[in-house]
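As they're listed, the protein sequences go chains A and B.
Just so it is clear: in the first sequence, position 286 is 290 by this note's numbering, and no numbers are missing.
Just so it is clear: in the second sequence, position 188 is 192 by this note's numbering, and no numbers are missing.
Derived by calculation from the structure, the hints in this document are not laboratory data.
Possibly wrong hints are sitting among the right ones.
For chains that are exact copies, the list does not tell them apart, and a pair is met inside one copy or across any two.
What the hints assert, rightly or not - With a straight-line Cα cutoff of 30 Å, these simulated DSS-like cross-link-like pairs (lysine-lysine) come out: (1) Lys-113 <-> Lys-129; (2) Lys-9 <-> Lys-214; (3) Lys-30 <-> Lys-20; (4) Lys-196 <-> Lys-214; (5) Lys-165 <-> Lys-26; (6) Lys-94 <-> Lys-26.
Number of protein chains: 2
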Amino acid sequence: MDAYKKAGVDINAGYKLVNEIKSLSKNTELGAFGGMFPLALGDYREPVLVSGTDGVGTKLLIAIQAGLNETVGIDLVAMCVNDILAQGAKPLFFLDYLGVGHLDPDQAKHIVAGVVKGVSEAGAKLIGGETAEMPDMYTNGHYDLAGFAVGIADQSQLLKKTDLSEGDVLLGLASNGLHSNGFSLVRDILFKQHDYKLTDQLPGLDRDLKHELLRPTRIYVKSVLPLVEQGFIASIAHITGGGLPENVARILPENLAAEFNTNTWPMPAIMTELQKLGQLSFDDMKHTFNLGLGMVLAVHPENVAQVKEALVKSGETVYQVGRLVSGFKEVLIRKD
Amino acid sequence: MDAYKKAGVDINAGYKLVNEIKSLSKNTELGAFGGMFPLALGDYREPVLVSGTDGVGTKLLIAIQAGLNETVGIDLVAMCVNDILAQGAKPLFFLDYLGVGHLDPDQAKHIVAGVVKGVSEAGAKLIGGETAEMPDMYTNGHYDLAGFAVGIADQSQLLKKTDLSEGDVLLGLASNGLHSNGFSLVRDILFKQHDYKLTDQLPGLDRDLKHELLRPTRIYVKSVLPLVEQGFIASIAHITGGGLPENVARILPENLAAEFNTNTWPMPAIMTELQKLGQLSFDDMKHTFNLGLGMVLAVHPENVAQVKEALVKSGETVYQVGRLVSGFKEVLIRKD
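Could you put together the complete structure from these sequences and hints?
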């Protein structure tokens with residue numbers, strides 16, 4: 005075992021980490037060849053598993069540089085479980101993959117603590133994971149993080165394009181800032197085109213750059229899933245890379261278009277500042293950032309009042325941002 | 005979209021890749037927010053989902069350096085589905101995560117083609133994936149690859165420690181060389197302690213180093229799963245990082261030990277050469293490499309002949325490598 009350790013892989017540090025994760029996640033079965041999840045099928049007639057994988061992108065580079073690795077695990081879980089929710093499914097379990105150059109047990113513990121927190125916010129269970137120590141693969145203390153989530157829905161409960169109608173109302177749920185997209189552009193603007201430091205504070209922001217940029221992606225499961233289960237939501241778009249245009253287009257049938265009016269919700273100050281500093285066109289903005297909406301729900305008009313009320317009660321900030329009109333899958337974002 | 009592309013992220017190249025993966029995998033539903041897998045539950049009374057995640061480790065660095073990226077996807081699938089098989093479960097579906105510094109569509113296509121091949125060998129379905137382009141995170145053309153597999157078994161079919169008895173026979177299934185473990189040590193020995201090139205050929209080997217090192221990890225699902233389903237296998241250890249000692253220990257109950265006799269199977273020539281070149285102790289060897297056995301099955305004596313015959317018919321090379329004896333979870337590897 006000495007030879008392997010000398011070559012840069014410390015298996016014992018890995019085992020120690022597994023024990024700490026077991027304790028953090030309160031799942032003592034972690035460490036088996038595969039994670040187990042017994043399926044309770046009482047409520048399902050035609051169960052469909054819905055699964056997604058995602059990462060955090062170069063937001064990780066901000067976390068690494070700032071030495072603040074506690075929240076990227078929340079981002080990781082959010083990116084995956086919000087996708088599952090967008091299909092109308094309930095997240096069941098989660099696994100994470102952490103690739104590092106050299107295993108720093110303290111750093112890894114912080115990262116996984118964020119994952120555990122995210123999984124709990126999503127009402128899911130962490131049933132496995134992998135920490136891969138790869139000398140020479142990652143340099144400069146870099147690491148990458150991938151997440152995998154599995155959820156379940158009855159076939160009849162999955163959200164379908166055919167459930168959408170002209171006149172359906174689009175409700176936008178406030179994002180918590182940039183979430184986990186557009187960070188290569190953010191870094192380019194702030195640190196290459198300009199010379200900002202992570203400790204700087206931009207005008208209109210209530211915290212320094214590192215804390216602003218590292219706001220964790222919001223997890224919408226607990227507020228939205230009950231409404232899906234009650235049949236009040238016609239469709240959901242999780243706004244990630246590609247912004248409103250590309251993510252909303254994915255939920256539209258061939259005969260409908262989505263019309264947003266940007267006057268109906270505020271764009272987060274960090275995005276306004278980035279637009280100025282990077283001299284970005286609105287076209288660039290809308291294809292890269294969430295513009296302040298982390299999730300868009302399509303709701304039949306008769307359910308709007310009830311849905312809004314329930315979401316606000318659950319702690320969401322909700323905006324009525326547009327509606328579905330006759331069209332050909334266009335996503336129109338009007339600025340007046 | 006121009007600004008994001010200039011910052012190093014080409015969303016359109018990503019979309020093009022998704023279309024190519026759809027075509028390779030023949031799964032036209034790829035690209036939705038979450039991958040779907042309808043569960044056919046006819047055969048299950050108490051279904052348990054079994055899930056695992058893994059990577060390929062620094063074997064990737066060999067593939068990158070050699071420009072041979074077609075088989076690491078098979079390694080990725082193998083690492084995950086063999087773990088699921090080791091629990092007695094049938095792999096259902098798979099997702100992959102590919103992190104790159106700069107998306108090279110041709111390279112990504114080769115990588116994913118390997119994933120598609122592995123998934124097919126495992127009798128599973130590729131239902132989703134993520135390709136993350138992360139400028140500044142990965143340098144020198146490096147990429148990382150993580151996989152995620154979900155399988156299913158009836159609660160009563162899961163392999164349990166209590167099914168093992170003193171006298172059970174250990175059958176070893178030949179590995180296809182190094183599989184995906186120990187590569188940081190391999191690289192240290194060959195390229196740091198010594199000055200070999202990937203085009204060199206070591207004594208006793210039938211191919212050059214790059215092809216020897218990149219032999220894909222064997223996928224044991226199609227040969228072993230039918231025997232599990234017929235109840236002929238008491239337990240399975242998938243031999244990965246930590247080698248026979250640590251992976252076999254994981255399947256042992258408190259009152260049994262495993263005894264291997266290394267004279268009963270041949271160690272692959274690449275490992276003999278690495279041992280010489282790296283002056284490795286047998287202790288280092290057994291904790292780092294699979295020693296030639298990719299999977300170890302524990303079989304009750306009355307089933308051994310039938311299991312062996314079936315495995316050979318399925319194309320496996322099978323060795324009777326040891327047995328379970330009274331003990332305290334020790335894994336004894338005798339060299340006489």
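Checked hints:
no. : hint                : result
1   : Lys-113 <-> Lys-129 : within (18 Å within a copy, 33 Å between copies)
2   : Lys-9 <-> Lys-214   : between (35 Å within a copy, 24 Å between copies)
3   : Lys-30 <-> Lys-20   : within (15 Å within a copy, 42 Å between copies)
4   : Lys-196 <-> Lys-214 : within (16 Å within a copy, 39 Å between copies)
5   : Lys-165 <-> Lys-26  : between (41 Å within a copy, 21 Å between copies)
6   : Lys-94 <-> Lys-26   : both (24 Å within a copy, 26 Å between copies)
No hint from the list above goes unmet by this structure.
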